[in-house]
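Here the sequence shown stands for residues 1 to 903, where the numbers follow my numbering.
Treat the hints with caution; some may be incorrect.
[What the hints assert, rightly or not] Quick list of simulated restraints, FRET-style, between CB atoms:
(1) G40 to G237: 57 to 63 Å
(2) S579 to E705: 15 to 21 Å
(3) R648 to A3: 20 to 26 Å
(4) S592 to T502: 34 to 40 Å
(5) D728 to V522: 44 to 50 Å
Everything labelled a hint here was simulated from the structure, so no lab data went into it. Keep in mind that this is a model prediction, so the values were computed, not measured. We put the beta carbon where it would ideally sit given N, CA and C, even for glycine.
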Amino acid sequence: MAARFHKLYPPGINAPECSTVDVILVHGVDGHYEDTWRAGSQNDTFWPRDENFLPAYLPKAQVFSWSYNASIKGLGKMRDHALSLLTSLRDRLEDEDTPTRPLLFVCHSSGGVLVKQALWLAFNDMEQYESVARSICGVVFLSTPHSGFNLEGWERFVSDVVVYNGHASIPRPTAKMQNEIRLHCELMSTITKNFESLLNRGFEVASFIEVQETVKLGRVIVNRDNGRFHIDKEHIGILNGDHYGICRFSEADKHQFKELGGKLKWLAEESPVAKRLNNRHRDLLHSLCPDKFHRYHLRFAPTPGTCSWIEEKPVFREWRSKTPIGRLWIDGEPACGKTYLARHITSNAVRDSGTDVLHCFLNGLLPERNTCLSILRSTIHMLVRAHPDLMDKLIPTKSGEAERGGNIADVWAVDELGGQWAQAVAEVVKVRMRKVVVIVDGFDEVDNREQERFLSCFKNCEDLMRKGHPSPQIGSGCLHLLILSRPCASLDKHEYDFMRYTITIKDTRNDIHTTVTDKLRVFASRLEYAQDFQALVCDRLTEAAQGIYLWATVKVVDLEHRLLTQRDMEKQLHNMPKSLEELYDSILGRISEKLGDDVFSARTVLRWIIFRQQALRAEELGIVLALTKIRAQDPDNIVKDDELQKLRMPVAVTKVALYKICGPLIRISGDEIEPVHSSLSRYLMTPTNILISGHPEWPVPHHKEFYMPAEESHVILGNICVAYLTMDYFADSGVPFDPRGSGSARWEHKVRTRMEECPFARYAALCWSKHLGYASSPSPVNHSSGIDICSREILEDENTHYAICWTEVWRLFKRWPRFSSSEDMSRPKLEDILSSSRVPAHHPVTPTNSRDHVIGAPSAPSAEKTSRTNASVHHPTPPLDEPTGCFKAFVAALKRCCCCCFR
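Hey, can you work out the whole structure from these sequences and the hints?
As structure tokens, then:
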């Protein structure tokens, strides 16, 4: 059984923005996500949902139940279950894109052990799960054994559970089961001991114990001695029931539920974490930076045994010991592995109990990340999470505007936030005597003006630290700044302010060799390469990389795709590309040769991941590919919902197919697809003549076939978004917003349901106007741009349901829930929305002189009219961006993947 969350309350309405707390139920061995909590049969009292029970105490709670493989054998996979719970919880919160709410666990029996393990893992891997760990306001244990159990007690507990659950005919567990039980008991005993060390981490615990004997066993399983932690301020409650009845309440038990319901209400509203995560704090935290932003660097996990060389460098050691302030700049050539080094430093080299590590990993693929404001917002977000009381000192620049209905993400201005950033960091160092390390990777992605802004903020912080302290030693706190970038002329003028280290080929040689060896081992044994030959391949690839980490990793993935025999590999070693550009070109050449006339499938994937305006999930990219196929085969008609559904594939199959088509050139991180590196984007966006004239020594014969002009590509992407948003599904926008009663929750449920049923709606709604804004002229009557004018006009006509549908999605993510009146919701106010989506005058990622291309004119509009809800409009023949029949290879690849996956 696949582990997953089941939503129990509120039924039918998914309204996370209107909720104040998430309650997570976790059952025990042989339990069930509903039956464990239900009084009897299907129609009996179900306290998580019935209005006289939990909703009466927490009416604005969302209640979920976690289901997992809870068999006796499943106990041995407690760590796997805990990781699955944590990951699903984190991803669900991030997918909602809403402020973090307090989390409250309610667990029964061994389900409490699972939660203990999950919390232990979360607090010991804050890089991955900090958003979950810092949101836990409390854990309520129902008949969960704690510190009163020795190993023998744990064995008896598990034996009792085994006998009770489905083994009534067995008077005692078999010898085999006893051995299994003994192993599980050692694990559960260790988990409980580990959890006890977390009891001072801010969240509250409450334990309820049973008082009745379990009839089948003739005794109380978890009693007053073994069902408590024996710590100060521990809440111990007694509920009238046996081990299995303690978590079930009939209508006659309302008075007994009062103690449990009251405790849940206190934990959700009055506990320290709940008070910290009040509405204002939650909204301000979320406005600073979504938690997902901080996890970008986790995609760059260094190979074990690499990157530690930096800790031996004298300049790094001096920087680490510098007091009270130290600045270090590490620079290196493009793609030499700086981000992997930054990840190592962030995770290992500077992290200890007395240090707050504030990091910001910039990304050349998503330019909106690359500003001074992004650095300030993300780093102060991390500082405030570690020191929640600082939130009271942050004042949004436009707080009044936000309260009137503005976009809360836009309430921070760089100058004002810069001053507050400096004050907050200085206070943590000076007053709280903490060490603060600020790490910014990819600083060269920020333009010169933004760089100066950030360095000025940091200088202000230094001045505040020194104020009133004539001695260079400021208490025991200190502030360190680490910047990693390519060679950067704008930083050269600050050379006297920074210690500096330049990465050399010698530094990264062992890292490259270790990584190549690790990756080669995966497929070399399958191809029966001799051990000495594997060593030779690793040496040759390391030498050919010339210190460029990316070259080596892309090349070894390329070799894995090709599955060369040892003899063919020997030939390959004598003819390897000498630059990244040559390597990209050789891979594209093989893709073109393999796919033939159907190479368009690869071009489509690359175009979307390069010119995307937000992260793209595999599911969204699969929809894009299906849409493009439909438009290529039948450009004159509107895309039909049923046509699209027929072509959609399972996400796992789509990911495998994408990897087979473009493998070495893409990175799959969870469900997100992105280019392997920003250098691939620059390579494909640079006109062939400019690329060759700048580097005549590079043989790139396949570049012209794959060259992607920026403006033309944005028009193609924009047209696909428009085609999606004008499908018949969006012809009815549903019940209008009603501010009365539960109208807000119902409106949000309606819009989120729309996005669940149409997974590409979010991206299309947020990005279609951005893409089309990159056309040569933003005018909607400019036919030379190839824009699908008539469909665009539908989306810009506030009288159509299509316009209402996409603007409702836009508003959910940009402004909800701060609307001042129902009028804000009843009309799209397109002018305001479109103006907020306008792009800069110059494309931030378009290479110099890359606009000297000619965009083909579109086909003539069709005279045929199509009936639409609230609008009768012309639908033109959209321009055929690529040849018809181009997706045979993609579909074939999907079929092959299906065979491989399910063989």
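Going down the list of hints, with the structure as the test:
For the pair G40 and G237, the beta carbons lie near 23 Å from each other, so the given range of 57 to 63 Å is not met. Under the hint 15 to 21 Å, the C-beta atoms of S579 and E705, about 19 Å apart, fit the expected range. For the pair R648 and A3, the supplied restraint of 20 to 26 Å holds, since their beta-carbon distance comes to about 24 Å. For the hinted restraint 34 to 40 Å between S592 and T502, the CB-CB distance of approximately 38 Å keeps it satisfied.
Distance hint for D728 and V522: a CB-CB separation of about 47 Å, consistent with the stated range 44 to 50 Å.
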